[in-house]
Structures are given as C-alpha cells and as structure tokens.
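Student: Chain residues, written in single-letter form:
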Amino acid sequence: MIVLGIETSCDETSAALYSEQGLLAHAVHYQAVHEEYGGVVPEFASRAHMRTLIPTIRYVIRRAGLSFRDLGAVAVTYGPGLVGSLIVGLNVAKGLAVALRLPLVGINHIEGHIFANFLEEPFPELPGVCLVVSGGHTQLVLVRRLGDYQVLGRTRDDAAGEAFDKVARILGLGYPGGPAIEAAAAAGQENAVSFPRGLMENSYDFSFSGLKTAVLYYHRALSPQEREKRLADVAASFQKAVVDVLVAKALRACQEFGVRSLSVVGGVARNRRLRRALEELAAETGIPVFVPKPEFCTDNAAMIARAGFFHLLHGVRSDLRLAPAPSLNLDSRYLPTD
Amino acid sequence: METTGAVNILAIETATQICSVAVAAGELLLAEETLNIGRIHAEKLAALVDQLLAELGKRPDEIDVLAVSGGPGSFTGLRIGLAFAKGFALAGGQRLILVPTLMALALRPGIVRRPVCPVLRSRRGELYAAVYEWRGSELMTAVAERVLPEEELGLFLPRGALLTGDVDSLPPEIRSQVESREDVELAAPWLRTPSAAAVAQVGFWLCRRGEFADLDTAEPRYLQEFVARKLEGVEKHVQ
Ligand SMILES: Nc1ncnc2c1ncn2[C@@H]1O[C@H](COP(=O)(O)OP(=O)(O)OP(=O)(O)O)[C@@H](O)[C@H]1O
Numbered sequence: 001m002i003v004l005g006i007e008t009s010c011d012e013t014s015a016a017l018y019s020e021q022g023l024l025a026h027a028v029h030y031q032a033v034h035e036e037y038g039g040v041v042p043e044f045a046s047r048a049h050m051r052t053l054i055p056t057i058r059y060v061i062r063r064a065g066l067s068f069r070d071l072g073a074v075a076v077t078y079g080p081g082l083v084g085s086l087i088v089g090l091n092v093a094k095g096l097a098v099a100l101r102l103p104l105v106g107i108n109h110i111e112g113h114i115f116a117n118f119l120e121e122p123f124p125e126l127p128g129v130c131l132v133v134s135g136g137h138t139q140l141v142l143v144r145r146l147g148d149y150q151v152l153g154r155t156r157d158d159a160a161g162e163a164f165d166k167v168a169r170i171l172g173l174g175y176p177g178g179p180a181i182e183a184a185a186a187a188g189q190e191n192a193v194s195f196p197r198g199l200m201e202n203s204y205d206f207s208f209s210g211l212k213t214a215v216l217y218y219h220r221a222l223s224p225q226e227r228e229k230r231l232a233d234v235a236a237s238f239q240k241a242v243v244d245v246l247v248a249k250a251l252r253a254c255q256e257f258g259v260r261s262l263s264v265v266g267g268v269a270r271n272r273r274l275r276r277a278l279e280e281l282a283a284e285t286g287i288p289v290f291v292p293k294p295e296f297c298t299d300n301a302a303m304i305a306r307a308g309f310f311h312l313l314h315g316v317r318s319d320l321r322l323a324p325a326p327s328l329n330l331d332s333r334y335l336p337t338d
Numbered sequence: 001m002e003t004t005g006a007v008n009i010l011a012i013e014t015a016t017q018i019c020s021v022a023v024a025a026g027e028l029l030l031a032e033e034t035l036n037i038g039r040i041h042a043e044k045l046a047a048l049v050d051q052l053l054a055e056l057g058k059r060p061d062e063i064d065v066l067a068v069s070g071g072p073g074s075f076t077g078l079r080i081g082l083a084f085a086k087g088f089a090l091a092g093g094q095r096l097i098l099v100p101t102l103m104a105l106a107l108r109p110g111i112v113r114r115p116v117c118p119v120l121r122s123r124r125g126e127l128y129a130a131v132y133e134w135r136g137s138e139l140m141t142a143v144a145e146r147v148l149p150e151e152e153l154g155l156f157l158p159r160g161a162l163l164t165g166d167v168d169s170l171p172p173e174i175r176s177q178v179e180s181r182e183d184v185e186l187a188a189p190w191l192r193t194p195s196a197a198a199v200a201q202v203g204f205w206l207c208r209r210g211e212f213a214d215l216d217t218a219e220p221r222y223l224q225e226f227v228a229r230k231l232e233g234v235e236k237h238v239q
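If you read the protein sequences in the order shown, they are chains A and B.
For the first sequence, counting from 1, position 148 maps to 148 in this note's numbering; every step adds exactly one.
For the second sequence, counting from 1, position 239 maps to 239 in this note's numbering; every step adds exactly one.
Hints in this document: simulated from the structure, not taken from any laboratory.
Heads up, the beta-carbon is just placed ideally off N, CA and C, and yes, glycines get one too.
Hints should not be assumed to be uniformly reliable.
To be verified - Have a look at the derived ranges for each label pair, beta carbon to beta carbon:
(1) A:P326 with B:V143: 17 to 27 Å
(2) B:D214 with A:E125: 19 to 29 Å
(3) B:L35 with A:Y217: 48 to 58 Å
(4) A:E201 with B:Q224: 43 to 53 Å
Whenever a hint applies, use it, and build me the whole structure from the sequences.
Tutor: In structure tokens, the structure reads:
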C-alpha cells in the first residue's frame, strides 16, 4: 500500500510517499517569505500553501515514477498547527480521497514527529522516551509502543525552538533563529555567561522564558561594541543552557521509566550541539539514542506518511468530516490493553 | 432531457457561511445540496460532494470540470473550497474554473433588464461589490469587482440597479438610504444568497469560452492586500 502524506501545519509545504518499500519520495517547500517578518505570518503561510502544495504533490508522484491510481491512501496532518494552513492540506487531501475513493487518515503532527525515527532502520526499541522539540512544542513523551503515549511534561511558556527564535531576535540575528544561533555560537565560549537553567526539579515540565529574559537583560546592559564582541559567547552560552535542560530531563525520564531508547525529534533536534550532547549521553549511559536525519527533524510529510502507513495497517481511518484541530493534544490511539 | 455529451460540472460554493455543492450536465442542474448552518464547511464539504455523487450514481471520474466560487469572500471559506477542488482535480485530471463569486450571486435573481449589483460584506466591515448586465441569456461584467466602504454603496449603485447579496446585514442607515431610492430594486430575499447551482452556470459559460484556471497556482480572489510588519519594527515587540 502506497500512502501519500501531506503536511501543511505551519510554514513548510510538504508531500511524501511511503510504502512497504519504505520512503519512495519526499519534498519540502520551505516558505522563505516569513524571514523578513521575523516569524511566521499566518496569512502568508496559508496563501503560500495554496500556491505550492499541488506542485509539491505532483513532484513526489513523478519522482517515484507513479501515477495517482497507484495510491492506496492519503495521510494528512489535521493538527496542531495554524488553522488556515491546516485547512489547505486537509482539504486537498479530502479532494484526493473523494476523487480516488481512497481511505483518509488524519495524523497528529506531534505523533508525526515521533515517527520521524521510524523512517529507516534501525528503529528505536520501545518502550522509549521521546523528546519533541520544535518551534511550537516541547514535550517529553513516554512511548509505550507506537500509538500509545503518555505525555510526561511540556513547556509552560516558550517552546525550545521558539526560545531560539526569540533570542536570535534579541541578538539581532535572522529568522529562523535556531540555525542562526548555532552558527553564531560556533566561535563562542559556552561557559562565558552563566544563564539560568530553569530545571524545575521534580517535574518533567520545561520553562524557557526565564532564560530568554536573562539573555535580554544581559544583552541590554552591553554597549553596542561589547554586544558585537560578546555575540558568539552569548549565543554559545544560551545554546548550552537549552541543551543542558533538554538532556537532563530526558535522561531523568529514561532512568525513571527504565526505557530501551531515547529519541529526540523536531526542528531543534537539528542542532549539532544538542546532537553531540546526546551522543555523549549515549556513550556514558548506554541508552541507545535516536535522532532523525536533519531533513526529517523539521516539519516534513515523510513522517506523516509513515505514521499514516502504521495506523492504516491497524485499520484506522478518518471520516471525511475530519476537521482541523489547531490545538490538538497528543493522545493515544491504542490503549495499552488492546 | 438529453445529457450525454454535455460537460459534467461539479460546482462548489463556500465563499460565505453557505456551504453548497452541485452537479450539472451542461446548463442542466442535476443535483444541489445547500447548508446554511454556519461555518461548518471544513467538516461538511467533502462529505457533501461524496454523498451527492453517490446519489447521482456518478463516479468521480465522470466529472469533467470543477467550478469553484473563487471569491471575493471569506478567506477561510474560499480556501476550503479551492483546496478541495484542487485535490479532486489533481487526482482526476479535471480542468478547474474559478467562478467570480459576485457574478454567480448576480445570476440568481434571473434575467432582468436592470444592472445587477451583488454585494458581500467583508470581515473588515467593507463591501465587495460589482455590477453585471444581461446580454441575451448571459451575464457580462459592467463594473469590475472591488472593495467598497459601506458608505459609498449609494454612490456606487448605478441608476435602476437591482441590489442583491448581503443586503440584510448592511448598517440600518445605509440600508434605508438605498431603499429610499426609487430607481433601485432589491432582489427577493430567497434569491440573495450564494448557491452552487449558480456557480455551475457561470462555470459553464467560462468553460465554453475556455477560461480555465491553472490548477497548480490558482488562488482565491482575495481582493485585499495583506500587510504585515517587517522585521525592523518587530524588535519592539520582544519583551
Ligand atoms: N540548528 C538548530 N538549532 C536550534 N534550533 C533549530 C535549529 N534548526 C531549526 N531549529 C528550530 O526549529 C524550529 C522549527 O522546527 P519545526 O519545523 O519542527 O517546528 P515548527 O513548525 O516551528 O513547529 P511544530 O513542529 O511544533 O508545529 C524553529 O523554532 C527553529 O529555530
């Protein structure tokens, strides 16, 4: 069965094809329009999806050497995300499903991120802990098995990627902030400035707003010349603070629940400093750590097609009445007993 | 009536709070389903199309053309209709037609000898308006669609116009100003609302003229530029 996956929850327009043979084709169209505005402008995102989704789908079909008749199902992100963006992907998916009389399956975007580590073998062994760190979400999830999740903690304010984006803005770096901070940090000293970690003992929740404010005050107190001179150090110290918190919480969850793997997914998982810290953690503790290829960390339809493939095999279908769910939570589709 | 050989049109109207779908063979309406129960388009549209085709015993690939109400109207409503139509046509290889929403609205009161002025209210409290005239049994554009401040409706309405569309939601002063004009007539209330059957009819004319939209790049007629603040101004927000 060949599953077409569609992802338009935020500012990436993406399509992919997944089957028993694995990933057949995928494409992500990144909307550069938002860069000038320092963040995603929802109206622009909706408009861009409308212009680019059809060519993106055409591209993956052509790339895989297939025709629409070969498709077996359509999987599409229905939330969480920007409602105007979700609506475009969801309705294109429904149009395809009605015209081709194919099953439709709605995918939770966060669950999609979890599936990014199941695109290529070896897959993480379960139960595992999965840390979802993106521009919109920071969640620590206990994955008992695929389809069965328990959210252990989430951010109480900014998501980790959002913290990168906001701090990048404070420091006068571009958008998206994650790559900009990572680049600026390369020449800096990580222990140059000691920013607060916001560890919140006894909780798996996260908080990054204190850290962001600390960077803001530190930056404001500097003269323009000092700002330039200290930029790399500030970026490196901030990045280290985020990485420390993420790694510490993930490790604690792994130990408490005695899991067989740790996965880290979402846009922030592209960060090389974080990836290095995770490798070190794996080496020190023996816990197998899984991080997707960079292109499958940020939003993409490959993970959506993969999640759809899994649910379809378990007989899950969505009704054509499936509505966009902008603030969807990660819920289990399968109870531990079934 | 003979319908074989006629172009099979699937029409979609979601530009306002009305959700309407229709199938026509040429100029003959075969089926129409219309819901006026609020903003349920995201949930209902696909199921409505599916059911209508099933009722007609038509396979999706028997549809030749998709005619979509292309705006102006509610951005979200327009996106739902157009995105669905794009997905459908991408799979089936149908041609896509973007029907001007106001023209389909102007068609509903029937063939009249007056200029027809349909209006729709925008979310920002302005009006989308245009003027059409009948030439024989086909509507022609007399004044192109535009965004109009409500107060200017009186000025915009040509002499002897038939006013249709969102008349009831006009502010009372504007409404009574328009109603007090002896040359202006109002369309019957039950004919002032959008309908997919009208979209199918305009779609038929555009199809005959070969006025198709490009499936890949087609966008709704937003008529409103969207302006956002660029990065320079943004730093002030960061606190
Ligand atoms: N190298 C990097 N280092 C740190 N952060 C990064 C890096 N690359 C990308 N990011 C961050 O990842 C985020 C984008 O990730 P992603 O596409 O997964 O999420 P999103 O669409 O913003 O949100 P969500 O997936 O929650 O809907 C941005 O906040 C960006 O700054």
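Student: All hints are to be evaluated individually against the structure, with a verdict given for each.
Tutor: Now the hints, each set against the structure:
Against the hinted window of 17 to 27 Å, the Cβ-Cβ separation of P326 (chain A) and V143 (chain B) comes to about 39 Å, which falls outside the hint. As the Cβ distance of D214 (chain B) to E125 (chain A) is approximately 48 Å, the hint placing it in 19 to 29 Å is violated. Our hint of 48 to 58 Å for L35 (chain B) and Y217 (chain A) holds, since their Cβ atoms are close to 55 Å apart. The hint said 43 to 53 Å for the Cβ distance between E201 (chain A) and Q224 (chain B), and at roughly 51 Å that hint holds.
The structure fails to meet hints 1 and 2 from the earlier list, while all remaining hints are met.
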